[in-house]
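Engineer: Residue numbers (the numbering used here), protein chains in the order written: chain A, 1 to 115; chain B, 1001 to 1115; chain C, 2001 to 2115; chain D, 3001 to 3115.
Keep in mind that the hints were calculated from the coordinates and are not lab data.
Just so it is clear, CB atoms sit at the ideal spot from N, CA and C, and this is done for glycine as well.
One or more hints might be untrue.
[Unchecked claim] Distance condition first, Cα-Cα at most 20 angstroms in a straight line; then the derived EDC-like pairs of lysine to aspartate or glutamate:
#1 K2010(C) to E2065(C)
#2 K99(A) to D1019(B)
#3 K104(A) to D1079(B)
#4 K1099(B) to E51(A)
#5 K3047(D) to E51(A)
#6 K2059(C) to E2042(C)
#7 K1111(B) to E51(A)
#8 K2099(C) to E3039(D)
[What the hints assert, rightly or not] Taking CB as the label site, the calculated pair distances span:
#9 E1103(B) to E2009(C): 49 to 55 angstroms
#10 L93(A) to S1053(B): 24 to 30 angstroms
#11 V102(A) to R1108(B): 47 to 53 angstroms
#12 S3084(D) to E1087(B): 36 to 42 angstroms
#13 E3114(D) to E2114(C): 54 to 60 angstroms
#14 E1103(B) to L2081(C): 50 to 56 angstroms
#15 K2010(C) to G82(A): 49 to 55 angstroms
#16 R1060(B) to L2005(C): 19 to 25 angstroms
#17 L2115(C) to A97(A): 31 to 37 angstroms
There are 4 protein chains.
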Amino acid sequence: MNDFLLIIEKIRTFRDDRDWMQFHHPKDMAAGIAIEAAELMEIFLWKNEEEQSQIVAEKRERIEEEIADIGILLFELADNLGISLAEAMETKLRKNAEKYPVEKAKGRSSKYTEL
Amino acid sequence: MNDFLLIIEKIRTFRDDRDWMQFHHPKDMAAGIAIEAAELMEIFLWKNEEEQSQIVAEKRERIEEEIADIGILLFELADNLGISLAEAMETKLRKNAEKYPVEKAKGRSSKYTEL
Amino acid sequence: MNDFLLIIEKIRTFRDDRDWMQFHHPKDMAAGIAIEAAELMEIFLWKNEEEQSQIVAEKRERIEEEIADIGILLFELADNLGISLAEAMETKLRKNAEKYPVEKAKGRSSKYTEL
Amino acid sequence: MNDFLLIIEKIRTFRDDRDWMQFHHPKDMAAGIAIEAAELMEIFLWKNEEEQSQIVAEKRERIEEEIADIGILLFELADNLGISLAEAMETKLRKNAEKYPVEKAKGRSSKYTEL
């Protein structure tokens, strides 16, 4: 079940059953991801660290749904562009490891340009 | 390689090598996803449909990187909250199928509240 | 009525009547603006150019409200940081004029780094 | 100088000198605002409350620029749609006063649906 390809297959079926490929331009998919990410952010808006833990417990289902919404759009976008999300993530982790070498980045929250 | 768990393991290692868990509050992770989504959007800003295809070809590496950045944060956030991203996506696809029944939603780009 | 300072005064009163300054950290204000911007984007999601004109007519009130929400947060954030929004905008327009000289930028939608 | 109309006039001139109206569809303007808001958010990403104050001091110019970028797009979008930003903000403040009555909302950070 934890396989990217099985999920992608379900997403494709969902989309094609509704004939939605015509709307799923990469620009709109990117906007869709940003919109869902904003809905996830809204759950935590104005809340301090302590309150965040409480929210994570109280609004679990809504958080799961927003995370899933982002995932569904992200997996489809990658698939539409012929990008392997898994490979892209592994490649990016390697690049990030170069941008953020352990000895410089450890315990620091700065962007790589400021390390 | 197309397995969620293998990727999550690499993300955890990357983060813990840098002792970054202390910064990765859900509120910040959500903001991080929104920021990466905005960087993806920016690639297509002001561009029409025709130009989008050209951009997809010309800026493939940058698009892959932004998609990967979103994925890395999303997978870690789900993992941090004890959420199975794969299961959450499958559950949400089922809910979406109810919100967007094929006979109502086919070929239409309206939100479910307006179908 | 078209005066920044009058509006800022009303925003301050609204906030202070509710004792909300304690929540209005710049990080949260920025997130609030991003969330409202996403709500504005959502009105146009999946829509082509032709449909956009129709939406502008049909959903005028909602569009006005989202634009206003962004404005209210933006004006307050600038005010909280002691920034004159009007001056900041004029300064930025001058910088943009240097980044996008007319002879290079005319009729082109590229970012200044690609002109 | 603190007058909306003077700024709008400068924004119009900047845009028309570059013949950019052709790109400034409301959907793109909304995306542009969201992108600039994300750039503002990024300045505060991963930072706690105490660090935010330091950042406000250290990165003042960058913060001013991001705030101005949002303002420039917001003022132009309102103008393009024939919306008076000042009036829309005043109208929305009145609506917000109804959604968030002082006696319910005072000192609370909850959304009006949860008060």
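Engineer: Is the gap between the beta carbons of V102(A) and R1108(B) within 47 to 53 angstroms?
Structural biologist: 51 angstroms, holds
Engineer: Can the suggested window of 19 to 25 angstroms be confirmed for the beta-carbon pair R1060(B) and L2005(C)?
Structural biologist: Given range 19 to 25 angstroms: violated, Cβ gap about 49 angstroms.
Engineer: Does the hinted range 36 to 42 angstroms hold for S3084(D) and E1087(B) at CB?
Structural biologist: 49 angstroms, violated
Engineer: With respect to the beta-carbon atoms only, verify the hint that E1103(B) and E2009(C) lie 49 to 55 angstroms apart.
Structural biologist: 53 angstroms, holds
Engineer: Would you mind confirming whether the straight-line C-alpha gap from K2010(C) to E2065(C) stays at or under 20 angstroms?
Structural biologist: Roughly 17 angstroms between the alpha carbons, so the hint for K2010(C) and E2065(C) holds.
Engineer: Taking the CB of L2115(C) and the CB of A97(A), does the distance hold inside 31 to 37 angstroms?
Structural biologist: Roughly 33 angstroms apart at Cβ, these two residues keep to the hinted range, so it holds.
Engineer: Given the proposed pairing of K2099(C) with E3039(D), does the C-alpha separation stay at or below 20 angstroms?
Structural biologist: Answer holds: K2099(C) to E3039(D) is near 18 angstroms, not above 20 angstroms.
Engineer: Mind checking the hinted window 54 to 60 angstroms against the Cβ distance between E3114(D) and E2114(C)?
Structural biologist: Taking Cβ atoms as reference, E3114(D) and E2114(C) lie about 45 angstroms apart, which means the hint is violated.
Engineer: Starting from the hint 50 to 56 angstroms, judge whether the C-beta atoms of E1103(B) and L2081(C) obey it.
Structural biologist: With a Cβ separation near 52 angstroms, E1103(B) and L2081(C) satisfy 50 to 56 angstroms, so the hint holds.
Engineer: Check the following: the C-beta atoms of K2010(C) and G82(A) are separated by a distance inside 49 to 55 angstroms.
Structural biologist: With Cβ atoms ~52 angstroms apart, the hint holds.
Engineer: Starting from K1111(B), check that the Cα of E51(A) is at most 20 angstroms away, please.
Structural biologist: 32 angstroms, violated
Engineer: Is the hinted pair K2059(C) and E2042(C) satisfied, with a Cα-Cα distance of at most 20 angstroms?
Structural biologist: At roughly 12 angstroms apart (the allowed maximum being 20 angstroms), E2042(C) and K2059(C) satisfy the hint.
Hint compliance for this structure: hints 3, 4, 7, 12, 13 and 16 are not met, and every other hint is.
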